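This is what each chain is made of:
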Amino acid sequence: MDDEISGSFRRTSSRTRKVASKMVAALASSDNRTQAALARLEALESDNAGPEVIELNDDDDASLDEDDSVHVQKRQSKNTKRRTRQAKALESAKKAPRTFLELLQEANLESLPPHVPSYLRAGVGPPSSTSRRHFCTVCGFTANYTCVRCGVRFCSGRCQNIHNDTRCLKFVA
Amino acid sequence: MSFDDSFPPFLESIKSLLEGKLFFVTKEREQGRGSGKWREMPNVVVLDNGGGLCKAGIGGDNNPTAVVPNCLGRPSASKKWLVADQLQACEDLTSATLRRPFDRGYLINPDLQKEVWDRVFRSLLHVDPTASSLLLVEPLFNLPSIQRSTDEIVFEDFGFRSLYVADSPSLVHLYEASHRPDGLLSKAQCSLVVDSGFSFTHAAPVLQNFTINYAVKRFDLGGKALTNYLKELVSYRSINVMDETFLIDDVKEKLCFVSLNVSRDLQIARRRGKDNLFRCTYVLPDGVTHMKGFVKDLDEAQRYLTLPDETLPQPVEKKEDGHPEFSEKPEERKRIDLTKTEFTLTNERFLVPEMIFHPADLGMNQAGLAECIVRAVNSCHPHLHPVLYESIILTGGSTLFPGFAKRLEKELRPLVPDNYQVKITTQEDPILGVWRGGSLLASSPDFEEMCVTKSEYEELGSIRCRRRFFH
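Going line by line, the protein sequences match chains A and B. Taking full-length UniProt numbering, the leading residue of the first sequence gets 1, the next gets one more, and so forth. Taking full-length UniProt numbering, the leading residue of the second sequence gets 1, the next gets one more, and so forth.
No wet-lab data here; the hints were simulated from the structure. Since the model is a prediction, treat every value here as computed from it, not as a measurement. Watch out, some of these pointers could steer you wrong.
What the hints assert, rightly or not - Calculated from the model, a selection of chain A residues having no Cβ within reach of chain B, i.e. all distances over 10 Å:
{"#": "1", "residue": "110"}
{"#": "2", "residue": "118"}
{"#": "3", "residue": "146"}
To be verified - Looking from chain B toward chain A, a few residues come up when the C-beta cut is under 10 Å (computed):
{"#": "4", "residue": "97"}
{"#": "5", "residue": "102"}
{"#": "6", "residue": "106"}
{"#": "7", "residue": "129"}
{"#": "8", "residue": "141"}
{"#": "9", "residue": "144"}
{"#": "10", "residue": "145"}
{"#": "11", "residue": "209"}
{"#": "12", "residue": "254"}
{"#": "13", "residue": "283"}
{"#": "14", "residue": "303"}
{"#": "15", "residue": "306"}
{"#": "16", "residue": "359"}
{"#": "17", "residue": "366"}
{"#": "18", "residue": "375"}
{"#": "19", "residue": "402"}
Ideal Cβ positions, reconstructed from N, Cα and C, are used throughout, including at glycine.
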C-alpha cells in the first residue's frame, strides 16, 4: 500500500512517533483517515445493524428460508406459488446484491456530453466554506481535540479515555 | 410580475391545464365505488414509490389508500417475511431484519419491489392492474437501466394498461399552485421545491409544471441517514439499538427538532437538572406491558418550545463547579444501567437534524440545504431568481422536524441578495404532498393522452416510450 508515502506528507507531531511499533500499521496515515470517513458515511446508508450482523443472519436465513419453503410446498400445495415466488425474490436479492453505485457505474454517465443533466451533475458539490464544526463523538458537545490514531474528535480527557477504551479505530478497516 | 410573454407557445398548453381544466373528480368516483370489490371505472392508480414509504391510492382521491413501508421485514421471532402493511400491523418488530428494494433513493431490486407492489395493489387497493393506468412517481435522474426494469414490472409482470411517469417536484408544484390560485406561485407558474425525503434531498426549480432538470441540486442526506446516525449515537452512549430501525425512527420523529441557534442550545444542553431544557427520556418497549416505545414525559420533551428565539436564558441557579458533566454523567449512567429500559437524549435531539444543514460536520464533502437552494436558483435564468426565492415549497418527511422552515430561512437570508424576499411555504402534509399532486394530475381530463400504453410499450420498447416524459 502507499500508506507510508502519503503518511510521510502528513504533518505529525513527534509524540505520535513514539507509539509502539505494532501500532505503526494502524497509525493514522491520511489514507487511513479517509477510509475511516468513507466507512462512516457508508454506515449511515446501511439498512439494518452493522454489515457483519446482516452477513451472519444471511447465512442462517438462506438455509432456513429454503427449508421453510420446502415444508410449505409439502404441506399446502395451494399456497406454493406465492410462497416460492417470494422466497425466490429474496433469494435473488441475496445472490445479486447490486448496489446503486454499481448500477451508476454501469450507466456510464461520465460519457454524456457536459450539457446533459444527470445524476452526477445534480450533485450539489462541496460546501463553499471548508470550515467544519467538530462534535465530540463521546458526548456530543463541541470538541477541541483529535485522536492521534484515528482522527476522531473528543472534548475532554474524560471523553478521550472513553474513546480509547471503546471505539478508537472503529471505522478503520 | 409578468413572465407570460417570455415563454414559448408550447408551454401555453400545459399552463392552460392548470388554469382551468384541472379539477377533482372525487365525487364521481365515490359514486362509482362500493359496488363489489373491483371498481368498474377505468381508474388510475397513483403510486409515489419512495425509498422509505410507498404511497398508493386512486387518482382523484384526497388521500392515498395505503401509506406503507416500502420494504420486506422479518421479526427476529419468526421465519416469515412480512411485506409492507403487515409490518405496520406486526406488534413486535424488535431486531427485525429488513430488505429494501431501494438503495440511495433508486430502485435496485425489482424482485423485492414486485413483492411490495403485489401486496399494495391486490390486498390494499383491490385494483385490477390490467384495467387501470398507473401514475408512477420516480426519483429525478433515474438511470436508464432502472427505468427499463421498472417498465418491465409495470407492463409485463402486472400488465397495467398504461403508464405515466412523473417526478416529485412538478407534482408538488401542481398541488400547491392549484390550492393557492391567487398566490405568486400560481401566477408566476414557478416555484422551488425542496424535497427532503428518505434517501436524499433535492432542491428543484419548477417552471410551468416542468422541473428544470439542469438546475436541480442534490445532496445525499435524508431520513434514513439521520435515523442511522441517531441509532449510532444512542447505541454508543446508552443502549445498543443498532437493530431497531423502526424504534429509532419513532424516537427521531417524536423527539428531534431543528435548533435555531446551535451554540446556544449546546450550552443549555450542558446544564443540569431543570435548567436543561432538552433532556428527555424515551422508554423502550418491554414486550410485556407495552409493545411500542414512548416518550416518558411529553411536557418534558416539549420544554424546548418555550425557549426565546435568540437570547440565552439565565439558569435558575448558578453552576458551582466549572465542568458540569463530571458531577452529573456518572449518576445518569448508573440509572440507565440499572433499569435498561429507557434512555435519555439531550444534544442528540438537535444535532441529528442539524446534519441536513451542515453535512460537512459528518465528514461529507457536500454543501448543506441553504447552499443547495442557492446553487439551484443560480443555475436558472436571472429573471427567475426573485420569484424562486419567494416561492420555496418544503416537502418530504424530513422537513417535518419542528423549526425546520424557520432555521432554513435564517440560513438562507444571508445568502440571498437583500432586495429579494425569501418566503418558505410548508405543506400541510409533506409526506403526502407528492401523492396529492399525482392524484390531481391523474384526475385531469388529458391524463390518458399523456400516458404510454401497453401496446406502445410492446411495439416501441422502453427507451422510446420514456422520451414522452421529458426527463
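A closest beta-carbon separation below 10 Å is what the hint needs, so does residue 359 (chain B) meet it against chain A?
Since the shortest Cβ distance to chain A is 8 Å, the answer is holds.
Q) Given residue 366 (chain B) as an interface hint, is the shortest Cβ-Cβ distance to chain A below 10 Å? A) holds (6 Å)
>> Just to be careful: measuring from the Cβ of residue 97 (chain B) to every Cβ in chain A, is the smallest value less than 10 Å?
In response: Holds, about 6 Å.
#### Entry: Interface restraint verdict for residue 102 (chain B) against chain A (beta-carbon cut-off 10 Å)
Holds. Min distance 8 Å.
Distal placement of residue 110 (chain A) relative to chain B, Cβ over 10 Å:
Per Cβ check, residue 110 (chain A) is outside 10 Å of chain B; nearest 13 Å; holds.
Given residue 141 (chain B) was flagged as interface, is its beta-carbon under 10 Å from a beta-carbon of chain A?
Holds, because the Cβ-Cβ distance from residue 141 (chain B) to chain A comes to roughly 4 Å (cut-off 10 Å).
*asked:* For the restraint on residue 145 (chain B), tell me whether the closest CB of chain A is nearer than 10 Å.
replied: Nearest chain A Cβ about 6 Å off; hint holds.
TODO: Have a go at the residue 303 (chain B) hint: is there a Cβ in chain A nearer than 10 Å to its own Cβ?
DONE: violated (18 Å)
Hint check, residue 402 (chain B) versus chain A [nearest Cβ-Cβ separation less than 10 Å]:
violated (19 Å)
Against chain A, is residue 129 (chain B) within 10 Å by beta-carbon distance?
violated (16 Å)
* Asked: If you take the shortest Cβ to Cβ gap from residue 283 (chain B) to chain A, is it below 10 Å?
  -> violated (21 Å)
Q: Classify the hint on residue 375 (chain B) as holds or violated, based on whether any CB of chain A lies nearer than 10 Å to its CB.
A: holds (6 Å)
Checked against the numbered hints given earlier, the structure breaks hints 2, 7, 11, 12, 13, 14, 15 and 19 and satisfies all the rest.
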